[in-house]
Every structure is written in structure tokens, then in C-alpha cells.
Amino acid sequence: MSIKADFTQGFVRNHWYAAAWSEEITDRPLARRLLGERIVLFRAPDSAVGALEDRCPHRLAPLSMGECADGGLRCGYHGMVFDTQGACIAIPGQDIIPPTARTRAYPAVERYGLVWVWTGVGKADPARLPRIAGYGEQGWAAITGGYQHHHGNYRIEIENLMDPAHTTFLHKETIGNRAAKDVPVQVAQGEHGLKAYRWIENVPPTPLDRKSRDFGESHVDRQISFNFELPATSFVDIAVIPAGMERSEHNLMHGGLRTFSYKFLTPETDSSTHFFWLHLRNFRQDDVEFEDALRASLEKTFNEDKDMVTAIQREQEETGLRQRTAIAIDRAPIMALRMIDRMIEREKNPQLAH
Amino acid sequence: MSIKADFTQGFVRNHWYAAAWSEEITDRPLARRLLGERIVLFRAPDSAVGALEDRCPHRLAPLSMGECADGGLRCGYHGMVFDTQGACIAIPGQDIIPPTARTRAYPAVERYGLVWVWTGVGKADPARLPRIAGYGEQGWAAITGGYQHHHGNYRIEIENLMDPAHTTFLHKETIGNRAAKDVPVQVAQGEHGLKAYRWIENVPPTPLDRKSRDFGESHVDRQISFNFELPATSFVDIAVIPAGMERSEHNLMHGGLRTFSYKFLTPETDSSTHFFWLHLRNFRQDDVEFEDALRASLEKTFNEDKDMVTAIQREQEETGLRQRTAIAIDRAPIMALRMIDRMIEREKNPQLAH
Amino acid sequence: MSIKADFTQGFVRNHWYAAAWSEEITDRPLARRLLGERIVLFRAPDSAVGALEDRCPHRLAPLSMGECADGGLRCGYHGMVFDTQGACIAIPGQDIIPPTARTRAYPAVERYGLVWVWTGVGKADPARLPRIAGYGEQGWAAITGGYQHHHGNYRIEIENLMDPAHTTFLHKETIGNRAAKDVPVQVAQGEHGLKAYRWIENVPPTPLDRKSRDFGESHVDRQISFNFELPATSFVDIAVIPAGMERSEHNLMHGGLRTFSYKFLTPETDSSTHFFWLHLRNFRQDDVEFEDALRASLEKTFNEDKDMVTAIQREQEETGLRQRTAIAIDRAPIMALRMIDRMIEREKNPQLAH
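Residue numbers (UniProt numbering), protein chains in the order written: chain F, 1 to 354; chain X, 1 to 354; chain L, 1 to 354.
With the rest of the complex left out, here is chain F (with noise of 0.2 Å):
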């Protein structure tokens, strides 16, 4: 069997998208590209946060070599000022605004300290957002502001995510555990989503849970669920307790470590991703230098996905395939990018009922 790499695949457009994090967004443009749009963010003197074409309709410039002034977005060109709505709202020199002085503006909100941008035609409905288990609540600590950019499609990347096996090999140093590496995993699928999960039992703390609260001599008994949100949304909930304790709801929540990982992708164009990763605990909540630690081995083994996930782009465009043989584990990522397909596929021929 091959696999054929088809980049052209697309993206489902209909979602919203984490655009950035808020603490970016200033009165200072910033350009970013979102499912190959170019796109100017901004804060309007209203705090409102505006995402437009980054594109002034005059000669192309970029909007965001402009600067926000005269109450919108001010072209550095020629001074034409745009709302977040995208209309043109002043043109030095005259008076008459033409009908084509407009330039796109997508529908953004900010929450759980991320902007969400819609690049979609359908409704951009907030309650359509992705939720964040654990966010802002007592007893849990985040890890925020974290970003990557990675240079790889996202299909690849919601392989990796979506797939437990590798991290016994690619990050061995830190989240892998090789006593987990024959340890068989379950797939549910949803209705919006899936789930890969296994208890990997009686096993050595990782490195990076002897980090995190000191086991002693004993043994842990490992829950880890990869969880995929359509389209976009990687959500890792791993509970590690005592080897042997009983599993109850209490006991996965208090008896030890609780972990909720969020990634959250966003195509930049076919062969990019912008990686933007959430880490929410519920131990050591206070412990900045733990913090600290956490932060940069979380860092580092993202950077191991993001070399490989590198690789395998460089691969698939000089090949033209994804993969020549499967194998046991492929169960999950290949059901999750079947899901992406459907969407896509439904995006673009409505009639076929959801």
C-alpha cells in the first residue's frame, strides 16, 4: 500500500481558528498568515480586536506596516484608515470614499486568552469555540503562551498528536517511557472527535513525573488519552496515580497528577502549521521554578515533534506519498484525518447532510 500526500486537501474553514495569543494583540499590527490568508491583527481604540486582509485595496501594502491611529487601522502608504469591519473610514486628500475601498475583515473573539479568528463563510458562532477543561479554575495552574511554528501540514501533525506510540522513541528524554512501548491502545470515536487511550500499568514515573511530585520507590499506573477535537484541537489528559490505587473519579483528580495538555492548530498554508500549546496542572501550582522547569521540557519535546514533523513534509512533497506500510498503531490518526476529510468534503458540497 501507498499513501499519497495530497496537499491540496485543503482545510475545513468553517472553525475558529487560534489566531494569537491576546497578550499580542496591541495597538502595534501584527501580520500573520491563517489557512493562507494574510492577515493584519490589531486592537481598535474600543479594545475590540480586528483581523483584516492584510492588504490595503490601493497598491497591496501591507496593513500591517501601518500603524492604528485616526480611529481605525492607518495604511503607512497613503494614510487610508480602515475599521475592524474592513471599511476605509478616511482617505487623505479626499472626500469621497469609493464603494471599493474595503478590504476583508474576518470575525475574531478572544477567549480563554487566545484570539479566535473565522475564516469561514458560514456562521461564525461563538458558541462553536473550542472549550478548555480546568481553565481559570480553582486548583489548577496554566502554563500559557505557548507558541510554535512549525514547518509541516497539519495533517502531520495531528498524526503525531494522535498517536501515543512515538513518544516512547522521539521523546524519550522527557514525557517517553519505554515499559509503555507494547502497551495496546483503545480508539472511541465521537461524534466531534476521538479518542486514543490506554492505562499503561505498574511503570516507572517518567523522568518528568519524578519532576512533578516525588513517588519514591513506587511504581504508577498511567492513564493517557489523546483526545482530537474536530478540526483543530489536540486535548492530552493523563492522570498518573500510585500503582494499584483505585481508579475513582477522586482518586484520578487527587491521588496524584493530573495533566491537561491543549494544542491547537492552525494552518498557516499547506506545508506550515502555527502551534499554539496550553498546559493546564493541578499540582505544584505555585512552584514557579518547577514552573519554569516544566515550561522548557515541554518546550523541548514539542521541538522534538516539530524537527520530525519537519522531516516528514520535506518527505512527503519530494515523494508525493504520506506512507508505504501500515502499521498497528496508525488505528487513531488515520480515523481523525478520515473525520477531517468528511468535513471538508461536507464544506464544500453542503448538500451532503451533516
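Don't take each hint at face value.
Which copy is meant is left open, so a pair is good if it fits within one copy or across any two.
Here are the computed lysine to any residue pairs in the SDA-like style, where the Cα-Cα straight-line distance is at most 20 Å [said to hold, decoys possible]: (1) Lys348 x Thr100; (2) Lys172 x Glu67; (3) Lys195 x Arg247; (4) Lys348 x Asp95; (5) Lys348 x Gly36; (6) Lys123 x Pro107; (7) Lys300 x Glu67; (8) Lys4 x Thr259; (9) Lys4 x Ala48; (10) Lys172 x Ala69.
Derived from the structure by calculation, the hints contain no laboratory data. Nothing here was measured: the structure is a model prediction, and the numbers come from that model.
Fit chains X and L to the known structure of chain F by using the hints.
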């Protein structure tokens, strides 16, 4: 409206283009691409400038990797020697020089401290060289040697240079003047070019004006005339006088500041331009410190243009468009580009009489 | 005349090509592209060299990002293990190894301190390895480990190496000799290659000769023979003796300086070449300081070739031509390239008898 960006429209070829500053041309050959063609410039033993196709006819070695020796330009690979007419005058190891052993020679002349090269097929008449007002005349000081490499098609440069309106916004820290932003521009077309000009009356001096002369608390009247001489010369003529002074020729020349700012645009490729600049002034002629500051300020201004030109080139390549909406200030730039188009058309179809 | 530059003519594949120096191959896998193919080289536990397609059949992860472990080369992504024959011998998480779980293995052997790889379909017979005169013999010293990466098609390299004439001009500071420039070259063709040679008589020693031996005020006679062994070996044999000395075999070997300079050209892509070099001499065998200077001088010489090859590759790509005029010295290079063309033709059409 949408205007397509057509990079295949080519260049006016029957014209003298600035190729280098005279002091750049020595017995060390210089490689420079002009109007898409790789050219090597060098100074022959009789001090004439040679301009040859930068490619040995033998194995295409760039002649610019060779040296001036044996009475001409000697290829650095096998020692074939070429004179300034492109004829091979020596081949080591053989007596007979085959007729194919030639490289194309381009007419080249020196004037105004610049080397001018002709890449067309028409008659290279030195009478058709651009004229530079004030150059070498009593009472005038010149900043010479100005050069930048710009990553944009020369048409984007022309739009920029025929457009007084952008200075308010793009150059607000140097030559820009907020007071000017709503002053309309007059446009006059001649046989060999066109002029866009305006008086900006009773305004505060710009930062650069203040550095040039002490106007005290006085406002100024400022005439700025953007001249475009087909197909590649921009000549900006600026007169600044105390507000209200009579606008006689004498006062314009002696009552304040008079500046002639020349730019010679030489297309390198479809997407890049050699930007030679030469600045003449009739004030503070011997003030070295002032001149250094002025040169730095001009470099900064032209770098702002360069960054904008680079960005617009990128957007034109990405969208295939030049602009999507027209505004009032576009009149002169659009006229200039139409004149260029007609010149190119006439070169291709000489029967379209001039 | 104009000779087209045809980069699609491909390579002679049924041949041993130098792939790496033996000391480069350890248990840390090495990625190297050979004849357009991505290959990973590694040393197996039994110290055999493995040469595999550098791509895991699962998701195309480069195997060179993995490590030698578990009895073979283990993929760094999901831990699949491959032996030197390309067979998968382990897949974590499953017992059955599907028949598609293979990667291509290339024949590889070690000789002369080099690893040789065969990318063709014909029989990889070690008897067809190139032979290196003097290697490992009494009275000879070798500089090994020479490697450069050249940005040119290997045909440009062959033209360079079969062309004694260029040394006068391109290498005037090292091996070049102005006295040689008009001495004609003899060419002799054999079944497996050809030879271009000449005696340069009664000339001053080159700078490198002088560093090698004290010739006092004496001139020298110098035989230089440029041998090309199809399809990828250049062997330059240089004998330098005091001018007028009898040219017996014994004198050529013992009366002055004798040098065997080998280059093994391995196409990397259509536009780049691995340049392995090996230098043997029968003088100053134990003089470390001399050897260091000699190595530096050779590196400098080959870098001059590299710069020229890079420039010519660029010109060939820009013009689509190889050359526009032929001169006397082209005889051997043209013969060499024709022999290559015939070999490639025979590989494609085996019925064209050898």
C-alpha cells in the same frame, strides 16, 4: 476595479540606464545584472569602460571572475581575452580565433560621474543621455554615490516617486509633513515625461528643512515638483521659502532652500531595481557635518521606500494584482505608467509612429 | 555552435560510487544523497556498513534521525528496526511484520578507506571497484579524508578535470604555470576511459613544486597526465624531474617528484556533486608540516574549481547552454562526455551491445 500586475510587460530598452558609479569601475571587473542581462563592467587599459555580456562563449564562465590583463578582459578559466567590443583577441594554446569567440558588447558612456549602458537595438546616441540640472555648477553641492538595491519591479518605484501623497505617512520622521496631506496635486504632461506639483502654503518647516536652515518661528511656503522623465529618471525639485515671500525665479533660487533630487531607476530583473540617487542643493554647500546628516536622512527615507516597495512586490506576486481601488492621488502614477507602456509598445511595433 | 546543457541526461548507475570516508560511518547514522536518492549510511553491530533508503516505510521519517539499536537501525519516530538488508525486524506494539515493511538496501563495500555504494540494478561486483595506484604501498604517503560539496552537475566537474589548460589561469597561485599555457595536449582513448597528457619542458618549477623539493636554480621537465576512468574517477599523474634528465621509468619514479591525485565524483543531484579527493606522493612522506601545507594548498586549488563550477552551473541553468564556442583544448573533455553519454545510453538500452 482591479488592475492586474503584469511583470511580463518588460522594459524600455532603447535608453541609457545608469549602470554604476564611475568610481566603481576599475581594472577589477564588476558583475551587474541590468534589464535582466548579466553584464560585466571594467575599465580597459585606455581607461574606456567596457560593458560585456558576463559570460565567456567557451564554457560560460562569468568574465567577472577574470581580470584585466593581456590587453583586455581575460577569462579566469582558460585565459581567453576580450576587448571592449566583445571580440576575442587571444586564446591560449591556439593561433586561430574562431568567429564564434565573441561576447556581446553594450554601448557604455560616462557622464555625471555615472556609467550609462544601452541594452537596446536602436542607435545609442549620447545626446539622449539624461540631463542633470545644477551638476558641476557654481553654487551647488552634490551628494553622489547613492545606491540601493530594491526588491521590486521598477513600476512600483515609479508609482512611489510620482506620488507626493505618500511622504506624509511613509516618511513622517524625515521629509513627511502632516500639514501637506490634503493639499491637491497638479499634473502636467509633456512629450518626454510628466510633472506632479503643488504649493504647500504657510506650513511649519519639516524636520529636514529645520536642519537645513534656521527659519526661526516662521512658517514656510513649499513648492514640490515631482518630475518623471521617460523612462527611468525621477527628478524632484523642491523650493522652500519663508511663508508669503514673492515667488519670483530669483526668490525660489536664492530666498530659501532649493534642492534637486535625482533617482535613476535601472531594472535589474522583473522583480528588482537598481536605485541610484544623486542629491543637489544650493545651501550649506561646504558644511561636511550637515552633508553627512543629510545623506543619512536621505538613506533612511529611501530605505522606507525600499521596505514598502519590497512588500508591494511580494503582494503583487501573491495576488497577481497591482491594486483594487483607485484614489485621487493616483493620477500622475497612472499617467506615467501609461506613457511607459506606450514606449514599450512602440519599441515592439516600430511602425506605430512616435 | 551552441551546445545545450541537458541536465536530464542522468547518471551511469551500474557503478560503485564513493559515498563516504570509512571513518564517517559509525553507529550514528549519516544522511547523504547519492545520484538523487536519499540514503542513510550506518555501521551495524557486526561492523558491516548499511546503506538504506533514508525513509521509514511507515510515515517516511528519515531513518537518519534514528539510532543504531535493537540489532539494527531503529527509526526515531515509532521504533521500527531495520537490518542492513532493509528488512524490518521489529515493530513495537505488534508481532506481525507486514511484507510492505521494508526499505530499499543498496550494496555497500569498503575499500581504500572509502565506502562505495551501488545504486544501479546490475550486479554489484566488487571486482569493478576503482583501483588506486600506490595506495598502501611502500614509499608512498597518502592524504585521505578529502571532501568538498560542489554546486555543479558532475559533467562540469569532468570537463574541469580533463582540461589541463585551466590550471594556468584558475590556479595561478598554486599549481598553475604560465609557462605551460601554450603546450599542446595529447589525447589517448581506451576502453574504460581516456588520457590527456603533455610534457612541459624546461620550465621553472611551480610554487608547489618548490615547496615539495629544492630544485635550486634548475628548471624542470614536467609530465602531467589527466586520466579519466569511466564514469566517475579522475586520476592525475604528475612526474617532475630536473630538466633534461632521461625519462626512464626509474627516473620518473625516483628522480624527482611523483604524485597521484585522485578525485571520485559522486553525483548528489542534477546540480551538485560530492567531490572526494585522495592524494598520494612518493616524497616527504613523513614530513607532517609539509603535508599540512600541501593539504591546505590542495584545498585552496579545489575551492577555486568549486567556485568556477558553481558559477558555470548557474550560467548553464540560466541560458540552457553548455557552451557557445569550442576551442582546441576541448578535445579530451568532449570525448569524456561522449563516453559517458554512450554508457548511459547502453544502460537504458541494454541490447546496444557493449
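Violated constraints from the hint list, given by number and in increasing order:
Checked against the structure, the hints that fail are numbers 1, 4, 8 and 9, while the rest are satisfied.
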